[in-house]
Amino acid sequence: MPFPLPTPDEIARAQEAEMEAALRAVRPEASTLAIARAVRSEKGLVAAHVRTDALGLYETHLHLRWWGDQYMPDTAELEALIRHSSIWGVFQRPATKAVGYAQVTGLAGTVVPIGLQLRTPGGVLVETLTAVVLDGTGVGTLSLQATEGGAAANTAAGAVLPVVTVLVGLDPQSATLDDGGLAGGAAEETPGSLLARLLQVIREPGHGGADFDYPKWVQDSFAAMKVKTVPNWVGAGSVGVVVAMVEPNDDENAPPEPRVPSGAEIDAIYAHLETLRPVTAELYVLAYIPLVQAFSVKLTPDTAANRAAVTAALADHFARESEIGGTMPHSRLSEAISAANGEYSHELPVPAGDIVCAPRELAEPGAITWVPA
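Okay, so the sequence shown: first residue is 2 according to the numbering used here, each after it adds one.
Please keep in mind that the hints were generated in silico from the structure rather than gathered at the bench.
There's no promise every hint is true.
[To be verified] Restraint-style ranges between C-beta atoms, simulated for each label pair: (1) 92 / 49: 44 to 54 Å; (2) 342 / 66: 40 to 50 Å; (3) 201 / 69: 15 to 25 Å; (4) 351 / 114: 31 to 41 Å; (5) 204 / 69: 14 to 24 Å; (6) 123 / 291: 25 to 35 Å; (7) 130 / 279: 22 to 32 Å; (8) 4 / 157: 52 to 62 Å; (9) 76 / 212: 57 to 67 Å; (10) 204 / 285: 19 to 29 Å; (11) 303 / 66: 40 to 50 Å; (12) 54 / 34: 18 to 28 Å.
Just so you know, even glycine gets a beta-carbon here, dropped at the ideal spot from N, CA and C.
All chains should be built: construct the whole structure from the sequences, respecting the hints.
Encoded structure:
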């Protein structure tokens, strides 16, 4: 059972009792009332010392309890959590840099060097990761990465990125992002995410290439929301790693939403896993396929506030329990709706049964049709 933390008043009462006992020992002729008055009078010197000592001892108790919290990862503050995690080989993911591909045109044979900087419409700098030589038609594809981590560099497909310093041979002096845009930029990993990954490793320690090693390897370096390992993807010895990234969201209280990774992100994850996978494994990294599930709900009482609560409850349920290639039981969906604030009863005709995903699919909540009560 937990050790009770005494209040300052409880500490003071205990000290007063000890002080009275000590005074009776040295002054046995003194009356009980006189001793009590000397010790407990609010204006007395002894009482002032007792109150001061009680507050100091209370702070000591608080500090000891704080240290106790740091000994266990699930109650530790971030600094101690990072140390716990590092002991288990789990490291807080730093802010990730957005990556993408862009096309440039110009004179055939023009060399675009490594480190050429371009600027996004949002003012963020990106740079080329490899040197590129424009082909005979004067076209080349640049591999780009933001110079700093964070979501600010994420840019939609088709955006035009001007070159910071003129490069002779390019015309125009800009690059156009491909269909994947710039993606993958994310803030530093949150303490909650780090703790969840640490607890997973404690429960399932690494086995040098087991199916649960791949999610850890990916999430150590990339802002991935869900990672699924599929053994024997295209035959014996092959491994499929299906990835869903996290959609950047400034609202820390909102449940995370999955995002299909871009081609550049898939390539970066593949290159990272190639340095970690077992030598005999044939690796395939794939983007997940969204399985958007529509709903029909007959809600009682059917109010705008209750509809919003049910929508939020389903979003949270999918964020927590939807897994790539997994199954979402109909009863659990109904239970999530029942947990919504304000709901008294409901019917859930759609979906009519469990949501069953193919190996690459991840179930996501779709539109809700509200059936009149």
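The hints, checked one at a time:
Look at residue 92 against residue 49: about 51 Å separates their beta carbons, and that is inside 44 to 54 Å. Against the hinted window of 40 to 50 Å, the Cβ-Cβ separation of residue 342 and residue 66 comes to about 33 Å, which falls outside the hint. Judged by the Cβ atoms, the range 15 to 25 Å given for residue 201 and residue 69 holds: they are separated by roughly 24 Å. The hinted window of 31 to 41 Å between residue 351 and residue 114 is violated, with their beta carbons roughly 56 Å apart.
Restraint check, residue 204 to residue 69: a C-beta distance of roughly 23 Å satisfies the suggested window 14 to 24 Å. The hinted window of 25 to 35 Å between residue 123 and residue 291 holds, with their beta carbons roughly 26 Å apart. Separation of residue 130 from residue 279 is about 27 Å and conforms to the stated range, judged on CB atoms against 22 to 32 Å. For the pair residue 4 and residue 157, the beta carbons lie near 56 Å from each other, so the given range of 52 to 62 Å is met.
A beta carbon spacing of about 30 Å between residue 76 and residue 212 contradicts the range 57 to 67 Å that was offered as a hint. For residue 204 paired with residue 285, a C-beta distance near 27 Å keeps the hint of 19 to 29 Å intact. In this structure the hint that residue 303 and residue 66 lie 40 to 50 Å apart at CB holds, the actual value being about 48 Å. The hint said 18 to 28 Å for the Cβ distance between residue 54 and residue 34, and at roughly 24 Å that hint holds.
Hints 2, 4 and 9 from the list above are not met by this structure, while the remaining hints are.
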